[in-house]
Amino acid sequence: MEKEKNGFAFYAHIYKKILIQDLKSKMSYRADFIISTIGMLFTNVAGFITFWLIFQNFPQISGWTYHEMLFLYGFSMLALTPVQCFFDNNWNLSRAIHSGDFIKYCFRPINLFFYYMSEVFDIKGLGQFAFGIGTLAYSWNKLGLPLSFRNIAGLIIGVLSASLFMIALMNFASALHFWIVGATSVMILIFKFKDYARYPITIFNKFFQFVFSFIIPIGFMTYYPSLFILHQERISILTYLTPVFGIVFVYLSYLFWMKGARQYSGTGS
Amino acid sequence: MTRVKKYLSLVRGSILEGLVFRTSLIVSIIGNLLYLIIIYFLWKAIFDSSPTDVVNGMTFYDTMIYLVLASAMFQFMDTFVVWAIGRDYQSGQIVEYLVKPMDYQAYIFFAGIGNSIVAFFITFLPTFIIIYFVTHGSIVLGMNLVFFAISLICSIVVNFCVDFFVGTICLYTQSIWGVNIMKEIVVGLLSGATVPLAFFPEKFRMVVDFLPFQAIYHSPLRILTDQKMTGADYADVLGMQLLWIVVTLLISKLFWKKSVRKMMVNGG
Amino acid sequence: MEPIIQMSHIDKTFKVLKRREGIKGSILDLFSREHTLLQAVNDVSLDIMPGEMVGYLGPNGAGKSTTIKMMTGVLEPTKGDILVNGRVPYENRTKNAQDIGVVFGQRTQLWWALPVIESFKILKDIYRIPDRVYKDNLEYYDELVGAGQLYHKAVREMSLGQRTLCDILAAFLHNPKVVFMDEPTIGLDVSMKSKIRTLVSNLNQSKGTTVILTTHDMGDVDALCKRIVIIDKGTVIYDNEIEHLRKYFGAYRTVKFKFKANRKDTKGMVAHEADEIRALLAYKFPEAETLQVTQEEQWVQLLINEEEARMMDVIHSVMEQKEIVDMNLQEISTEKVIQKIYEGGVL
Numbered sequence: 001m002e003k004e005k006n007g008f009a010f011y012a013h014i015y016k017k018i019l020i021q022d023l024k025s026k027m028s029y030r031a032d033f034i035i036s037t038i039g040m041l042f043t044n045v046a047g048f049i050t051f052w053l054i055f056q057n058f059p060q061i062s063g064w065t066y067h068e069m070l071f072l073y074g075f076s077m078l079a080l081t082p083v084q085c086f087f088d089n090n091w092n093l094s095r096a097i098h099s100g101d102f103i104k105y106c107f108r109p110i111n112l113f114f115y116y117m118s119e120v121f122d123i124k125g126l127g128q129f130a131f132g133i134g135t136l137a138y139s140w141n142k143l144g145l146p147l148s149f150r151n152i153a154g155l156i157i158g159v160l161s162a163s164l165f166m167i168a169l170m171n172f173a174s175a176l177h178f179w180i181v182g183a184t185s186v187m188i189l190i191f192k193f194k195d196y197a198r199y200p201i202t203i204f205n206k207f208f209q210f211v212f213s214f215i216i217p218i219g220f221m222t223y224y225p226s227l228f229i230l231h232q233e234r235i236s237i238l239t240y241l242t243p244v245f246g247i248v249f250v251y252l253s254y255l256f257w258m259k260g261a262r263q264y265s266g267t268g269s
Numbered sequence: 001m002t003r004v005k006k007y008l009s010l011v012r013g014s015i016l017e018g019l020v021f022r023t024s025l026i027v028s029i030i031g032n033l034l035y036l037i038i039i040y041f042l043w044k045a046i047f048d049s050s051p052t053d054v055v056n057g058m059t060f061y062d063t064m065i066y067l068v069l070a071s072a073m074f075q076f077m078d079t080f081v082v083w084a085i086g087r088d089y090q091s092g093q094i095v096e097y098l099v100k101p102m103d104y105q106a107y108i109f110f111a112g113i114g115n116s117i118v119a120f121f122i123t124f125l126p127t128f129i130i131i132y133f134v135t136h137g138s139i140v141l142g143m144n145l146v147f148f149a150i151s152l153i154c155s156i157v158v159n160f161c162v163d164f165f166v167g168t169i170c171l172y173t174q175s176i177w178g179v180n181i182m183k184e185i186v187v188g189l190l191s192g193a194t195v196p197l198a199f200f201p202e203k204f205r206m207v208v209d210f211l212p213f214q215a216i217y218h219s220p221l222r223i224l225t226d227q228k229m230t231g232a233d234y235a236d237v238l239g240m241q242l243l244w245i246v247v248t249l250l251i252s253k254l255f256w257k258k259s260v261r262k263m264m265v266n267g268g
Numbered sequence: 001m002e003p004i005i006q007m008s009h010i011d012k013t014f015k016v017l018k019r020r021e022g023i024k025g026s027i028l029d030l031f032s033r034e035h036t037l038l039q040a041v042n043d044v045s046l047d048i049m050p051g052e053m054v055g056y057l058g059p060n061g062a063g064k065s066t067t068i069k070m071m072t073g074v075l076e077p078t079k080g081d082i083l084v085n086g087r088v089p090y091e092n093r094t095k096n097a098q099d100i101g102v103v104f105g106q107r108t109q110l111w112w113a114l115p116v117i118e119s120f121k122i123l124k125d126i127y128r129i130p131d132r133v134y135k136d137n138l139e140y141y142d143e144l145v146g147a148g149q150l151y152h153k154a155v156r157e158m159s160l161g162q163r164t165l166c167d168i169l170a171a172f173l174h175n176p177k178v179v180f181m182d183e184p185t186i187g188l189d190v191s192m193k194s195k196i197r198t199l200v201s202n203l204n205q206s207k208g209t210t211v212i213l214t215t216h217d218m219g220d221v222d223a224l225c226k227r228i229v230i231i232d233k234g235t236v237i238y239d240n241e242i243e244h245l246r247k248y249f250g251a252y253r254t255v256k257f258k259f260k261a262n263r264k265d266t267k268g269m270v271a272h273e274a275d276e277i278r279a280l281l282a283y284k285f286p287e288a289e290t291l292q293v294t295q296e297e298q299w300v301q302l303l304i305n306e307e308e309a310r311m312m313d314v315i316h317s318v319m320e321q322k323e324i325v326d327m328n329l330q331e332i333s334t335e336k337v338i339q340k341i342y343e344g345g346v347l
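These protein sequence lines are chains A, B and C, in that order.
One point on numbering: in my numbering, the residue at position 156 of the first sequence is 156, and numbering is uninterrupted.
One point on numbering: in my numbering, the residue at position 194 of the second sequence is 194, and numbering is uninterrupted.
One point on numbering: in my numbering, the residue at position 253 of the third sequence is 253, and numbering is uninterrupted.
Hints may be right or wrong, so weigh each one.
What the hints assert, rightly or not - Here are some, though not all, of the chain C residues that point toward chain A, as calculated from beta-carbon distances under 8 Å:
no., residue
1, 68
2, 102
3, 109
4, 118
5, 122
6, 125
7, 162
8, 195
As the list claims (entries may be wrong) - Some chain B residues well away from chain A (every beta-carbon gap over 12 Å; in silico):
no., residue
9, 7
10, 29
11, 37
12, 38
13, 97
14, 102
15, 157
16, 170
17, 189
18, 196
19, 229
No wet-lab data here; the hints were simulated from the structure.
Using N, Cα and C, we set each Cβ at its ideal position, and we do this for glycine too.
All chains, please: the whole structure from these sequences, using the hints.
So, in structure tokens, the structure goes:
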């Protein structure tokens, strides 16, 4: 046991440990915990109502039916769960840096990025996950999509790869705190992308389709990966590239974050 | 006179503060632009798919003007009142304010108003001018602008009172984030800021009409986009807003008084 | 014996962005950036032996924390060689971290909302502390400072002193070879300070841990360290036994008084009181030539050289004469000592 190297098992074990402690901490502020959870539930319900309000006036939007749009919506909720659950500590980075508390993360014998992110598990994301599953199951059923191995596997891989884009973007945005003041506004801006991800990218003109694929990768957060199940005839090369791009993107964001952390811990006292 | 002066210096301070954070400013302008692009294409697709040009009495341009100006309004409506009260309470600083010869509610209001003024000139006004030209003059420039200005001021006051009421809730809950997000969502949805109230189904609409939230976004935006309004209609909308100012101001003041007394008794 | 920390001719230079003023300036900054070089550490050489307790002193911005960051592997030196536990720290940050502990007086590294024991359990896993060692340490801590009764208390409910105590225990939990302490007694009352000092001294002796202590409180250094290293403007200006310095801080004590006011308090009143006290002490302690009485805002301040007059006697005399409302015994700050070193020409 003790001879274990810095391998995956070790990190998984540490993560679990810290996660449990974090949950215990949150429970100790019970009122806050309950209200925040309800608040998060509110955001999901409200998003849903907005969606419904628009669609009860219009049966379809540029060729996309109500249930297809619902499918995209459910997919996007699932794809946004990981960033909410596992990377929420990005939001506290500004405080950690300005108070100087960030330095304490630098003295532990484990990976800095890992240690920092492991400190918060945002359980509110699970509500979103449940909502996403429900929405997806409902629209899946209404659309009469086959429950085949291909589709299930495609869904899991698709959701996981799609989730990487928001994770990467948030890492990039929060890492800006290491260099500039006021980076929180950048985080807020980028966090809003999640609301835009749920629309099919075909509603935009050619220019913005390009922008939202390759400059601001909103298209990868839902549209491209979900085509694999929803519209097989429209699958593009980008659908298959989603996992590859996602992994590269997250890795780059990790490097950027670590570079920021290193140069910050050197200067800030 | 000195009374006015001390509030004025508060306003000046917060204007300066608002100008200092230039990064945030640039980023929020980019953010608004992006939002604009997204809703433009989304609603364009929606209207293109509709058999008629007018849906629920609104054309595509009306809807755009409505939504874009709603998001620009959000910039100066959001003065983080709930956070301010919640933090003052949690840090215990609230006691210091209570012993100062200043009304706390007025203090919070004027401390935030400077930011609103900055946001008005930096985001709302440019957005308004751009949207005026982009929609080829779909906004009628006339007497309605005067009514709009009056209505906007009323909106700010109602919005502030709602915020202050919700902020007071933080004296009981220890949760700022949770309380604030709920408020943002309820206000955003029921005030017509995210989807114009015209698109709401009949029954839903009836409920919303009896709530103060539509006096925040819907009222001024309706004045600006609805070209068929008569003098009586203006009077009706503004009268309703005034009524809501009285009601929300009264309720928030009462709730605050009661809460402070309770806090004093229980000792924070 | 091999030194546990070896630094030879270490330089550290920072590039600092020169910011221009005003809106125009910050727009220019976006396009062209000018940097100035800041030499934070200049040719520092230092050998520290295993088990040593070294007081590492210097004014703010002298390069203390930069040096410590280089020793902990957070920062890479611009020039020079550094070895800690036989390793180059910045090349092996995580490995190096396994063998060191860090304590910050003001900020806790424990989980705020949790009982201490939970934090210890996480640290046990992070540092892979064997069960045996972990258990022994907990028992030893309990024996040493009665830590057992704190284990189940949440950190946020603790006093600053209790928290500092637990932070120190946490830093020693994995039996590190070197522990860095930054202002461990800041903000604590006298009895807690002495408790912390005893604890650190015991841990150092029983575990043979090397301790590097940075502080502004000469009392900490006096109680714990045999050796003192003083750094100023990036250069080591003193590295020797504390004994040689004792004459600069050992005998001096500062004490402040506030007296009961007969009438509405005014500045003139305090000045008047100071004069009274000066006359009184000159009469009672004629041999105390360096004794100083000054006015510090609302306070009357006394600087006493204990070799000339015992502090307790002086306080006693004052008490007989005047009614004291408040009294304050001040620590001798390292800044004062450094200032005296410059003045006294030790260098």
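Taking the hints in turn, this is what the structure says about them:
{"no.": "1", "hint": "68", "result": "violated (10 Å)"}
{"no.": "2", "hint": "102", "result": "holds (4 Å)"}
{"no.": "3", "hint": "109", "result": "holds (5 Å)"}
{"no.": "4", "hint": "118", "result": "holds (6 Å)"}
{"no.": "5", "hint": "122", "result": "holds (6 Å)"}
{"no.": "6", "hint": "125", "result": "holds (5 Å)"}
{"no.": "7", "hint": "162", "result": "violated (18 Å)"}
{"no.": "8", "hint": "195", "result": "violated (23 Å)"}
{"no.": "9", "hint": "7", "result": "holds (27 Å)"}
{"no.": "10", "hint": "29", "result": "violated (10 Å)"}
{"no.": "11", "hint": "37", "result": "violated (6 Å)"}
{"no.": "12", "hint": "38", "result": "violated (5 Å)"}
{"no.": "13", "hint": "97", "result": "holds (23 Å)"}
{"no.": "14", "hint": "102", "result": "holds (29 Å)"}
{"no.": "15", "hint": "157", "result": "holds (25 Å)"}
{"no.": "16", "hint": "170", "result": "violated (10 Å)"}
{"no.": "17", "hint": "189", "result": "violated (5 Å)"}
{"no.": "18", "hint": "196", "result": "violated (9 Å)"}
{"no.": "19", "hint": "229", "result": "holds (23 Å)"}
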